[in-house]
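Student: Join the two chains, each given in its own frame, into one complex according to the hints.
Quick note, the sequences are listed as chains A and B, same order.
Just so you know, we're using numbering that gives the first Met the number 0 here: the first sequence kicks off at 0 and counts up by one.
Just so you know, we're using numbering that gives the first Met the number 0 here: the second sequence kicks off at 0 and counts up by one.
Worth flagging that the hints you see were computed from the coordinates, not collected in a lab.
No residue lacks a Cβ here, since even glycine has one placed at the ideal position from N, Cα and C.
Fair warning: there could be bad hints in the mix.
To be verified - Within a straight-line C-alpha distance of at most 25 Å, the following computed DSS-like cross-link-like pairs (lysine-lysine) qualify:
1. A:89 to A:53
2. A:124 to B:161
3. B:190 to A:101
Claimed, not checked - Not everything, but these chain B residues come out facing chain A in the computed CB check (under 7 Å):
4. 69
5. 83
6. 85
7. 107
8. 127
9. 129
To be verified - Label pairs and their computed distance ranges (CB to CB):
10. A:123 to B:234: 30 to 38 Å
11. B:148 to A:123: 31 to 39 Å
12. B:269 to A:39: 52 to 60 Å
13. A:29 to B:19: 51 to 59 Å
14. A:123 to B:219: 28 to 36 Å
15. B:269 to A:112: 32 to 40 Å
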Amino acid sequence: MTIDSIKNGIVIDHIAAGKAMELYQILGLGKLDCSVAILKNVTSAKLGKKDIIKIDRELDLDWDIIGYVDPNITVNIIKNGERVEKRLLKLPDTITGVIRCKNPRCITSVEQELPQVFKLRDREKRIYRCLYCETQAGK
Amino acid sequence: MENVRSLIDILELSVEEIDEMVACATRIMDDPAAYAHKCDGKILATLFFEPSTRTRLSFESAMLSLGGQVLGFSEAASSSAAKGESVADTVRTVSCYSDIIAMRHPKEGAPLVASMHSLVPVINAGDGGHNHPTQTLTDLLTIHHEKGRFENLTLGFCGDLKFGRTVHSLISAMSRYKGTRVVLVSPEELKLPSYVKKEVLQKNGVEYVQTTDLEAVMPELDILYMTRVQRERFFNEEDYLRLKDSYILTLDKLAGAKEDLSILHPLPRVNEISVAVDRDPRACYFKQVLYGRYIRMALIMKLLGLE
Chain A
0 MTIDSIKNGI
10 VIDHIAAGKA
20 MELYQILGLG
30 KLDCSVAILK
40 NVTSAKLGKK
50 DIIKIDRELD
60 LDWDIIGYVD
70 PNITVNIIKN
80 GERVEKRLLK
90 LPDTITGVIR
100 CKNPRCITSV
110 EQELPQVFKL
120 RDREKRIYRC
130 LYCETQAGK
Chain B
0 MENVRSLIDI
10 LELSVEEIDE
20 MVACATRIMD
30 DPAAYAHKCD
40 GKILATLFFE
50 PSTRTRLSFE
60 SAMLSLGGQV
70 LGFSEAASSS
80 AAKGESVADT
90 VRTVSCYSDI
100 IAMRHPKEGA
110 PLVASMHSLV
120 PVINAGDGGH
130 NHPTQTLTDL
140 LTIHHEKGRF
150 ENLTLGFCGD
160 LKFGRTVHSL
170 ISAMSRYKGT
180 RVVLVSPEEL
190 KLPSYVKKEV
200 LQKNGVEYVQ
210 TTDLEAVMPE
220 LDILYMTRVQ
230 RERFFNEEDY
240 LRLKDSYILT
250 LDKLAGAKED
260 LSILHPLPRV
270 NEISVAVDRD
280 PRACYFKQVL
290 YGRYIRMALI
300 MKLLGLE
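Next up, chain B with everything else stripped away, as it sits in the complex (with noise of 0.2 Å):
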């Protein structure tokens, strides 16, 4: 509905709007108690049609955290999908029982179909390997909190940069910061896509270099974005097997690494990084988790215009 504000890509967040979210984020985590009735009588839907815990908890945490409640389904074989509804008629009628919705899909555009049809806010929670605007929010106020800028930061992307949204996403929103300056580590076979480089790094001018060597650049990054190789990515379970194990983070690896090097991971993590490595300082991806609680907080209250 266009009178409705939806969040389904990031860029569609202008960076003041980040900038706002981020803030408001930060004043949650100083008081949370001054936001826990904000949300009160507001009902937050959760339509998992893939089953993803964490980022389900996340968002009925926060929406619990502010007063809220949660209504929904955790897979799809739980919902009207396993009878043939479709997409529209779901949220047309989920739109009646609550107040804001937020949906992830295995089908990538079907919460844009779900926003197109819903009378109430619709988040996009992550549609296949297309967007996933609230990892990337999360991954923003982690940056942000740890380095305390957006601006002239190397950023480190390692693992699978075919596939994995979230760096996509990241890259996309981070090529908007003055300096922004990219490392991309991957097997060839996962490298960034040609239309990622040239859609978005090279239309931006942002400088970024492509290895395979993660070692080597270790010692230029401020970031270092770890990401799994997923097996639902794949067709080929043997290309998955071979591939897997390509980049395992390690406190030898880390060895020449900057003393305030942050260490991002959108988790679930499998073996990619060395559980060595957690008790690492700049280990922040359990306080990412954190951060994702309390900017999906931020991003309730925007799009229901309660702040």
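Here chain A stands alone, though its shape is the one from the complex (with noise of 0.2 Å):
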């Protein structure tokens, strides 16, 4: 299978596979009006299979809400049809306003106006908390 390759744009590759949609919906790309090839299953030697998003269009993205989907993916960005940068993504120290917290006993469920701010506990487990009530993210 083949996708037309981008000349100005962006590619997300090596997402975990199965990923990609998450990535999709948390990074709005949904909105865009540009061109926007998911691939999903994809033969990786490094992840075995993995999933790219090809985006064909410059624009600025969040960094850190990728990072914390999976910080092993890699972002390429492509200008006049050649790869001009490879960035290499960790997990962010802090991310806002990206996940909510479940914790029905935080000040976030009933004051909806605070921003959700989640800080990583640890990096090794890939822990984030609230940082008003810290529950662990996702649970």
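Tutor: Here you go:
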């Protein structure tokens, strides 16, 4: 299966297989009016299988969010058909406005205008905790 | 506000700062008159969005003992929160009327939000099942006064170790001292959460054991910290009724305990310590209340930059 290569845009590569749609939603790529291709279960020497997202436009992305979804992702910036930059990501220390705290006792459950902020507490185990109530993200 | 020092979590205080506050509280106990006017002209606001008479009175007593004055409310119904005002707006307003704020709130993280918007120091006086740093300071002062040290103590925690925030905070605070050993006594349903074991005990290399049998471990303990199985921490009334009498301390159960054991309890007690134990010299839980007043005096002075 082939997808046209892009001339100016972004290729998000080495996404863990099955994670592309999550990233697509979180980054709000559905709101773009350019071509966006999602490739799922692409054979990969490094990962076995991987997902890829190709965006046919130059734009600023929230690198922290991508790093949170999967720090092993690589982002390639393409200009005039050439890769001009390869960005390696890392887990961000803080993520804001991406995930919601699920603790019904958290202040954010009643004051919904408060920013949803999570802090990285364990880099090795990728554990984030709510800034306010310290509940682990995803729990 | 960045240039105002608040206290939201006990771990914001270094071991050295806790030592200083324990020393300050001791000086106050030795000579209360010398501190009777330290806070002349200062106002403490007690914002209690849920009732807690004991904690509120302890703060008010501390401020009055320092010569300051107090204002505030004791339940959300008598505050503007009842009209739907946010914590941030309430605190922006109250910090114009006071020099320091003590806040109790049923929602976890509310005092942190307050500290981000207050012009004056905010003390977390309990936020849901999360933090209650002044209770931990009280416990630490009690331990230091009863034992003369923080190092090389075996602490037994008994009762509700799952929801008991005072237990989690005290374990965190004591994990920083050399030779701390922890004995966890609880029913299966109320065991210490695994994240506290991993992120506090294991991370700090603290030796600990878990058991359901209080009497079996009693002879090992230097401190026995009893807790109440709290109705408000349960979603399900049936679970509460089934577990609330699980661990009741009686004189019989103390038969094998050390002579210099210190029994602590954050209070209020329901029935988890028999009243017969009150007469035992090892019972420290009412002295603990007095220590709570002195350590809050030391804290208020510290946050106001008066010591």
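Student: So, against the hints stated earlier in the document, which numbers end up violated here?
Tutor: Of the numbered hints given earlier, those the structure breaks are 4, 5, listed in rising order.
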